[in-house]
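There are 2 protein chains.
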Amino acid sequence: MKQVTIHFDKIDQFPNALAIKFQGFLMNCLDEDYVDYLHEQATNPYATKLYHQDEETIWSVSLLNEEAERQILPVLLNLSEVTLHHQESLEIKKITLQELTTGHLLEIFNENDTDNVFTLYFQTPTGFKSQGDYVIFPSMRLIFQSLMQKYERLVNEGYEIEEDTLDYLAEHCQIISYRLETSSFKLHGRGIPSFKGRLTFRIRGAQTLKSYAHMLLTFGEFSGVGIKTSLGMGGLRVETREN
Amino acid sequence: MKQVTIHFDKIDQFPNALAIKFQGFLMNCLDEDYVDYLHEQATNPYATKLYHQDEETIWSVSLLNEEAERQILPVLLNLSEVTLHHQESLEIKKITLQELTTGHLLEIFNENDTDNVFTLYFQTPTGFKSQGDYVIFPSMRLIFQSLMQKYERLVNEGYEIEEDTLDYLAEHCQIISYRLETSSFKLHGRGIPSFKGRLTFRIRGAQTLKSYAHMLLTFGEFSGVGIKTSLGMGGLRVETREN
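Protein sequence lines correspond, in order, to chains A and B.
For the first sequence, this note's numbering begins at 15 and goes up steadily by one.
For the second sequence, this note's numbering begins at 15 and goes up steadily by one.
Derived by calculation from the structure, the hints in this document are not laboratory data.
Among the clues, some could well be false.
The list treats identical chains as one, so a pair stands whether inside a single copy or across any two.
Subject to a maximum C-alpha distance of 20 angstroms in a straight line, what follows is the list of computed SDA-like cross-link-like pairs (lysine to any residue) [as the list claims (entries may be wrong)]:
#1 K210 / I190
#2 K143 / I190
#3 K143 / S191
#4 K200 / I190
#5 K200 / I189
#6 K210 / E195
#7 K210 / S191
#8 K143 / S153
#9 K35 / D50
#10 K210 / S153
Since the model is a prediction, treat every value here as computed from it, not as a measurement.
Kindly generate the complete structure, drawing on both the sequences and the hints.
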């Protein structure tokens, strides 16, 4: 899979609103049949995130399977500007490309890495649904459930996750610190309950468990976590350390 | 019950450390037999909180039953300075006294108040224990469980809370926004897992339910919420509005 990161001079609009406009722009650039196909997917094979950083606005698009790479990568790499609906063209300053292969993910899974403390930065509004309701506090179970689902559907092309594995993983994680606040992701005039901030947790247990978590979280930096990751929600950055 | 609030010029030390020193100072001012009695109580009939605000340090002591008022109030009202262990005397700038009667609490309970949105400010590190473990995310159930327990033990002099009432109350509250972060309350060299910040929730349902919650939270501004409120944890301020 690939992550294309596009840098602009800082755009004076809220990231939430921009993320949705950029996603609309992207859909307009793609083949219509493929856009129709995307609309039918339970788990989108791409994710976007948009945020301001220092004097830049950064838009990042992850292509999570081969077909998404084939359809979307050439379009993104050939962009020289972005024209949003009813707005001036935005000049692209820089495009960077990052690759994450399933081979690299397997390497992480097989590594004897001793890092067992993970800090998750929820870079964009992040939300979960559980039993039909929005959840505005993260839990280790919801985080890993979402990552396992995305991983299974997009990488393994399976459709079911192993609930026992999820339970075991969640039970061995302990949240040790956080700084979080609610936010509301506006979409079609509705606000989707969500949160932003950071969360640090420690995993205790077998090496395999730590490596599996590390692999899922590395994938998560591409896939995002939770709901509506194609529209710009759930942007994730991960730091690891030993403890 | 009474709340004595004592103002100092800002003291250049962490509120956590100061709170424990001030509590030690208070115990030294009291009758020894009464201090022994306090040590035996499951629920302390007093609570303290200490925080910096603008150019002041504010120490607040709540006396939650008549005996605590009798034993502690004269001591506090006669203070002109506070001398902490191995430190210079701290001059008191102002003392204010606030009263909350059970009559006033009953008035709140009987009022046809339409406020149903409550914002809780956790002014000092706040923590809960559930099934032996520290809990670092607040939940409406833990908040009201703690307030109901303190209220029952100190005001009603009963010892059991009605679990059904607690469940019903918690189920009708919905957290709508928060900004929270973990903190660690240092005590005897250990850090007690806790959090600080604010949380806003809405109650839906019968007038009685809103009034009961309002009454408990008004009491909570005196009693504090959660564990170790006598040592300065769980300091609570509440704002209400209609929605």
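Evaluated hints:
Taking the shortest alpha-carbon separations for K210 and I190, both the intra-copy value of 17 angstroms and the inter-copy value of 14 angstroms come in at or below 20 angstroms. In this homomeric assembly, K143 and I190 come within 20 angstroms of each other (Cα to Cα) only across copies, at 15 angstroms, whereas the closest approach inside a single copy is 23 angstroms. In this assembly of identical chains, the alpha carbons of K143 and S191 lie at most 20 angstroms apart only when taken from different copies (16 angstroms versus 23 angstroms within one copy). With identical chains, the CA atoms of K200 and I190 are at most 20 angstroms apart between copies only, with a shortest distance of 15 angstroms across copies and 30 angstroms within one.
Taking CA atoms no more than 20 angstroms apart as the test, K200 paired with I189 passes between copies only; the shortest distance there is 19 angstroms, against 29 angstroms inside one copy. Proximity of K210 and E195 under a CA criterion of 20 angstroms is satisfied in both settings, with 6 angstroms inside one chain copy and 12 angstroms between copies. For the homomeric pair K210 and S191, the shortest alpha-carbon distances inside one copy (14 angstroms) and between copies (12 angstroms) are both at most 20 angstroms. Taking the closest pair of Cα atoms, K143 and S153 come within 20 angstroms of each other both inside a single copy (12 angstroms) and across two copies (18 angstroms).
Proximity of K35 to D50 under the C-alpha cut-off of 20 angstroms is restricted to the intra-copy arrangement: shortest distance 18 angstroms within a copy versus 67 angstroms between copies. Proximity of K210 and S153 under a CA criterion of 20 angstroms is satisfied in both settings, with 13 angstroms inside one chain copy and 18 angstroms between copies.
The structure fails none of the hints (numbered hints given earlier).
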